[in-house]
Structures are given as C-alpha cells and as structure tokens.
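Construct the entire structure; sequences and hints are all you get.
Chain by chain, the residues:
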Amino acid sequence: NAGVTQTPKFQVLKTGQSMTLQCAQDMNHEYMSWYRQDPGMGLRLIHYSVGAGITDQGEVPNGYNVSRSTTEDFPLRLLSAAPSQTSVYFCASTSRGGAFFGQGTRLTVV
Amino acid sequence: GQQLNQSPQSMFIQEGEDVSMNCTSSSIFNTWLWYKQDPGEGPVLLIALYKAGELTSNGRLTAQFGITRKDSFLNISASIPSDVGIYFCAGPILTGTASKLTFGTGTRLQVTL
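Chains A and B supply the protein sequences, listed in that same order.
Per our numbering: the first sequence = residues 1 to 110.
Per our numbering: the second sequence = residues 1001 to 1113.
Simulated from the structure, these hints should not be mistaken for laboratory data.
Among the hints, erroneous ones may be present.
Covered by chain B, per the in silico footprint, the following chain A stretches (three or more residues, Cβ under 8 Å) [what the hints assert, rightly or not]:
| no. | segment |
| --- | --- |
| 1 | 44-58 |
| 2 | 95-101 |
Result set (SDA-like, lysine to any residue): computed pairs, CA atoms no more than 25 Å apart in a straight line [unchecked claim]:
| no. | chain 1 | residue 1 | chain 2 | residue 2 |
| --- | --- | --- | --- | --- |
| 3 | B | K1100 | A | T70 |
| 4 | A | K9 | B | S1082 |
| 5 | B | K1051 | A | T70 |
| 6 | A | K9 | B | R1108 |
| 7 | B | K1070 | A | E72 |
| 8 | B | K1100 | A | R44 |
| 9 | B | K1100 | A | E59 |
| 10 | B | K1051 | B | I1028 |
| 11 | A | K9 | A | Q57 |
| 12 | B | K1100 | A | S69 |
| 13 | A | K9 | B | K1051 |
| 14 | B | K1100 | A | E30 |
| 15 | B | K1051 | B | R1069 |
| 16 | A | K14 | A | S69 |
| 17 | B | K1100 | A | E72 |
| 18 | A | K9 | B | D1038 |
| 19 | B | K1100 | A | M27 |
| 20 | B | K1070 | B | D1018 |
| 21 | B | K1100 | A | K14 |
| 22 | B | K1070 | A | M41 |
| 23 | B | K1100 | A | P61 |
| 24 | A | K14 | A | F100 |
| 25 | A | K9 | B | V1084 |
| 26 | B | K1051 | B | S1082 |
| 27 | B | K1100 | A | G53 |
Where a beta carbon is used, it is the ideal one built from N, C-alpha and C, also for glycine.
As structure tokens, this is what we get:
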C-alpha cells in the first residue's frame, strides 16, 4: 500500500548542478503536483499535471521542469540548481477526496 | 496569487484544552480541506468539506465549512501531545479546466503537559 513515493529523501547539490526528484503513485490518480515548503510560507505549488502528457505551471515554476509520460510518474527536474531552491519538496497525488502527499525530499543547494 | 490566511500562526496550549483555528479567503471556495503535518513528514488529510455550512467530525476533530464559503474552522477537543504539528487549510482554485490546490501558511500547535 505505497501511495505516493518520493526519492531521494535527502540531497545536497552544488550550485549549477542538475538533478531529478522522482515521484510515483499507485492510486491511478490523474492529478499530480509538486510543492515546495519553506519556513513560514506554507506549501507553494510549483507544477501540476492533470493527466499523462499534460502539465502546467503553478505559483513558483521558475527553475523547474516537469513531464508526465505515464499516469504513475511525475518527476521534477532542476536544470541548474541555485541556493534559493534549498527547500523541502513534496509530491502529491489528488483525487476528489483530497491530495495525498509523499514524505518529501529535503534539498540543500550549496 | 490567491492567499488563504490562517490564524493563529502558532498556539501553545496545555494537554486537555480545546483548540480552535480558522482559515479565511477573499474568494469563494467549493471545497475546504484540513491537513496535519508532523515533523519530517508530508501533510496528511484530516477532514474534507464539500458544502457550505457542513460540519464534519473525525474523532476529536471537527471542521466547519463557513456559510459565506470564504472561511473554514477546525476545532480539536481535549488536546493530547500527539496533536503537536502544523495544521494547514487548503482549497482548490479553478483555473481554466483544472484546479490548483492552494494552502494556507499553517497553524503550528504545541501541546504542553
């Protein structure tokens, strides 16, 4: 009963490096999204997808890319990491009953 | 962007006390969601509200969908130490054909023995 699985849980990057945060869900939800969480700012939407092949920007999309080739997977890519992207990242899979979150990826960019 | 304002920002209460927090918006919502986040974990859905005036309970938690559809309230009765965490309200904002789930800034709850 996995739900939403995020990897890795922790990551340290140097400025300018690239990486992909993985997210997979096994609930067959069409809607998936990525949030970042910073102290005192709650959860801010980065990108979301309403189904395979369809993605759109959220509130803070700059510096991030996404793709959705399958219903199950929704990876988030940082092409050139910056210190301002130090944050905790959450992937969510959504049905009418609400959004179900992964355990998060704590990313530090030095 | 759309903001959901939560209050209070933080609370320190004693075990056994009741807790109230609320969430307000300048726009109308058709759904209100309440989440709890434990340290180091992702948010977990507590209660979902779908109808103005609706009052829904989940154990010691009770949430209400405000009549104006611009606010929601969460009450916790007889608090216990495991209630510690951050509580978020959330609601979907319809943009085009899709909905974006927007979160409040959270209420941090601390429970002392």
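Consistency of the hints with the structure:
{"no.": "1", "hint": "44-58", "in the structure": "holds (count 6)"}
{"no.": "2", "hint": "95-101", "in the structure": "holds (count 5)"}
{"no.": "3", "hint": "B:K1100 to A:T70", "in the structure": "holds (20 Å)"}
{"no.": "4", "hint": "A:K9 to B:S1082", "in the structure": "holds (24 Å)"}
{"no.": "5", "hint": "B:K1051 to A:T70", "in the structure": "violated (33 Å)"}
{"no.": "6", "hint": "A:K9 to B:R1108", "in the structure": "holds (23 Å)"}
{"no.": "7", "hint": "B:K1070 to A:E72", "in the structure": "violated (34 Å)"}
{"no.": "8", "hint": "B:K1100 to A:R44", "in the structure": "holds (10 Å)"}
{"no.": "9", "hint": "B:K1100 to A:E59", "in the structure": "holds (9 Å)"}
{"no.": "10", "hint": "B:K1051 to B:I1028", "in the structure": "holds (12 Å)"}
{"no.": "11", "hint": "A:K9 to A:Q57", "in the structure": "holds (24 Å)"}
{"no.": "12", "hint": "B:K1100 to A:S69", "in the structure": "holds (20 Å)"}
{"no.": "13", "hint": "A:K9 to B:K1051", "in the structure": "violated (37 Å)"}
{"no.": "14", "hint": "B:K1100 to A:E30", "in the structure": "holds (13 Å)"}
{"no.": "15", "hint": "B:K1051 to B:R1069", "in the structure": "holds (8 Å)"}
{"no.": "16", "hint": "A:K14 to A:S69", "in the structure": "violated (28 Å)"}
{"no.": "17", "hint": "B:K1100 to A:E72", "in the structure": "holds (19 Å)"}
{"no.": "18", "hint": "A:K9 to B:D1038", "in the structure": "holds (16 Å)"}
{"no.": "19", "hint": "B:K1100 to A:M27", "in the structure": "holds (19 Å)"}
{"no.": "20", "hint": "B:K1070 to B:D1018", "in the structure": "holds (24 Å)"}
{"no.": "21", "hint": "B:K1100 to A:K14", "in the structure": "violated (31 Å)"}
{"no.": "22", "hint": "B:K1070 to A:M41", "in the structure": "holds (20 Å)"}
{"no.": "23", "hint": "B:K1100 to A:P61", "in the structure": "holds (13 Å)"}
{"no.": "24", "hint": "A:K14 to A:F100", "in the structure": "violated (30 Å)"}
{"no.": "25", "hint": "A:K9 to B:V1084", "in the structure": "holds (23 Å)"}
{"no.": "26", "hint": "B:K1051 to B:S1082", "in the structure": "violated (29 Å)"}
{"no.": "27", "hint": "B:K1100 to A:G53", "in the structure": "holds (17 Å)"}
Figure legend: structure checked against the earlier numbered hints; hints not met, in rising order: 5, 7, 13, 16, 21, 24 and 26.
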